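Throughout the sequence shown, residue numbering follows the numbering used here, covering 1 to 324 in sequence.
Where hints are given, some of them may not hold.
What the hints assert, rightly or not - No farther apart than 20 Å at their CA atoms in a straight line, the calculated lysine to any residue pairs in the SDA-like style are these:
{"no.": "1", "residue 1": "312", "residue 2": "265"}
{"no.": "2", "residue 1": "175", "residue 2": "282"}
{"no.": "3", "residue 1": "282", "residue 2": "298"}
{"no.": "4", "residue 1": "43", "residue 2": "26"}
{"no.": "5", "residue 1": "312", "residue 2": "324"}
{"no.": "6", "residue 1": "164", "residue 2": "323"}
{"no.": "7", "residue 1": "175", "residue 2": "204"}
{"no.": "8", "residue 1": "164", "residue 2": "278"}
{"no.": "9", "residue 1": "188", "residue 2": "170"}
{"no.": "10", "residue 1": "177", "residue 2": "322"}
{"no.": "11", "residue 1": "282", "residue 2": "318"}
{"no.": "12", "residue 1": "312", "residue 2": "302"}
{"no.": "13", "residue 1": "177", "residue 2": "278"}
{"no.": "14", "residue 1": "100", "residue 2": "204"}
{"no.": "15", "residue 1": "282", "residue 2": "238"}
{"no.": "16", "residue 1": "177", "residue 2": "312"}
Unchecked claim - Ranges of calculated distance between the beta carbons of each label pair, as one might list FRET restraints:
{"no.": "17", "residue 1": "291", "residue 2": "108", "range": "40 to 50 Å"}
{"no.": "18", "residue 1": "6", "residue 2": "277", "range": "41 to 51 Å"}
{"no.": "19", "residue 1": "147", "residue 2": "237", "range": "35 to 45 Å"}
Derived by calculation from the structure, the hints in this document are not laboratory data. These numbers come from a predicted model, not from an experiment. Note that beta-carbon positions come from the ideal geometry of N, C-alpha and C, so glycine has one too.
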Amino acid sequence: MSKSVDEVRSILLSVIANGEFHSGEALGQTLNLSRASISNHIKALTSLGLDIYSVTGKGYCLANPLDFLALKEISTHLPADYSLPIEVLNVIGSTNQYIKERFDNLENGYACLAEAQTAGRGRHGRKWVSPYGSSLYLSMYWHFSGGYPALGGLSLAVGVAVAKALSLSGIEGIKLKWPNDIYGLGKKLAGVLIEVEGQMGLGCQTVIGIGLNISLPKNVEEIDQPWIDLAQLTDNSLERNRLAANLLATLSETLYVFERDGLAPFIETWRSKDVYANQAIKLIVGKQTISGISRGVNESGAILLETEQGVKAFHGGEVSVRPA
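Work out the full structure, taking the sequences as your base and the hints as a guide.
Structure follows, in structure tokens:
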């Protein structure tokens with residue numbers, strides 16, 4: 001039986017990831033493919049953000065070692081009582097979209113991770129740059145029986161969960177930016193995208209997506225804001241499977257608590273990590289820009305802005321926060 005494109009490229013990566021050069025001819029023999037086919041697969045892998053050396057007369061070599069995601073390895077780092085379903089994928093369009101297309105057939109707490117996304121997205125439909133094997137792209141499904149009213153502040157609670165997972169992984173000093181960003185040293189480290197489907201007055205289905213930069217390639221050019229990755233925040237080795245397990249465990253724990261108690265159990269932690277606490281900021285609300293002093297968030301998760309007219313609460317949707 002012939003191998004799928006995913007299988008071929010996974011084998012190809014596993015071979016060239018050992019730090020040595022492999023000729024197109026040798027790779028072709030390993031995979032029973034022509035050198036031209038090997039060249040095309042290498043080009044496709046490069047388009048996913050992988051830094052692959054190609055040297056005439058020597059062949060191909062992956063510039064940096066890859067720490068492949070593996071369900072078996074992730075499971076060894078999860079709590080013994082963790083029983084929620086997990087799927088590890090190779091290259092897909094978007095982990096959020098993958099779940100949304102399967103809403104009606106998923107068990108609560110189902111999660112998927114991917115090595116790369118070709119159509120990853122963030123808030124306001126912005127592209128989330130998702131190079132192969134260099135970050136975590138994770139989405140989890142959750143059904144909230146309380147419907148839309150039960151979701152107020154969910155993105156803040158998820159931010160707290162990400163910060164906790166990073167702390168368990170030895171990464172401290174993490175800050176949170178309203179409503180859905182995780183910061184390190186004043187730059188964006190991770191983002192949260194929550195998408196909801198349901199009818200008013202009924203329960204709703206949500207997908208909670210998280211993109212976490214671990215060790216991005218040096219040739220990343222498409223990110224349109226200051227960014228940072230975990231490799232810049234620590235000298236310790238970064239095991240993606242361990243990070244994934246910590247994130248899955250803290251996220252599921254957070255969602256259980258949030259479904260029962262709402263934002264209240266997380267709000268003080270969020271406030272203690274607020275990257276713009278008591279700083280001058282501006283809110284972009286549609287086409288309007290409002291400047292003032294950030295005064296944290298209220299009990300429902302709305303951001304509080306102090307202006308000459310007093311303190312006013314702004315909710316999510318089309319509101320964006322920028323430093324003054």
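Given the hinted pair residue 312 and residue 302, is their alpha-carbon gap at most 20 Å?
It holds: about 9 Å lies between the C-alpha atoms, which stays within 20 Å.
Does the alpha-carbon distance linking residue 282 and residue 298 stay inside the 20 Å limit?
18 Å, holds
Look at the Cβ atoms of residue 147 and residue 237 and judge whether their distance stays inside 35 to 45 Å.
43 Å, holds
Please work out if residue 164 and residue 323 have their alpha carbons no farther apart than 20 Å.
25 Å, violated
Has the given pair, residue 177 with residue 312, been kept, meaning a C-alpha gap of at most 20 Å?
18 Å, holds
Per the hint of 41 to 51 Å, is the separation of the Cβ atoms of residue 6 and residue 277 within bounds?
This hint holds: roughly 45 Å between Cβ atoms.
Between the alpha carbons of residue 177 and residue 278, is the straight-line distance 20 Å or under?
Between residue 177 and residue 278 the Cα gap is close to 13 Å, so the pair holds against 20 Å.
With a cut-off of 20 Å on the C-alpha distance, tell me whether residue 164 and residue 278 pass.
23 Å, violated
Keeping to a limit of 20 Å between CA atoms, is the pair of residue 100 and residue 204 held or broken?
12 Å, holds
Is residue 175 within 20 Å of residue 282, Cα to Cα?
Roughly 18 Å separates the two Cα atoms, so the pair holds.
Is it true that residue 291 and residue 108 lie within 40 to 50 Å of each other by Cβ?
42 Å, holds
Just to be careful, I want the Cα atoms of residue 312 and residue 324 compared with a cutoff of 20 Å; is the pair within it?
Cα-Cα ~17 Å, so holds.
Checked against the numbered hints above, the structure breaks hints 1, 6, 7, 8, 15 and satisfies the rest.
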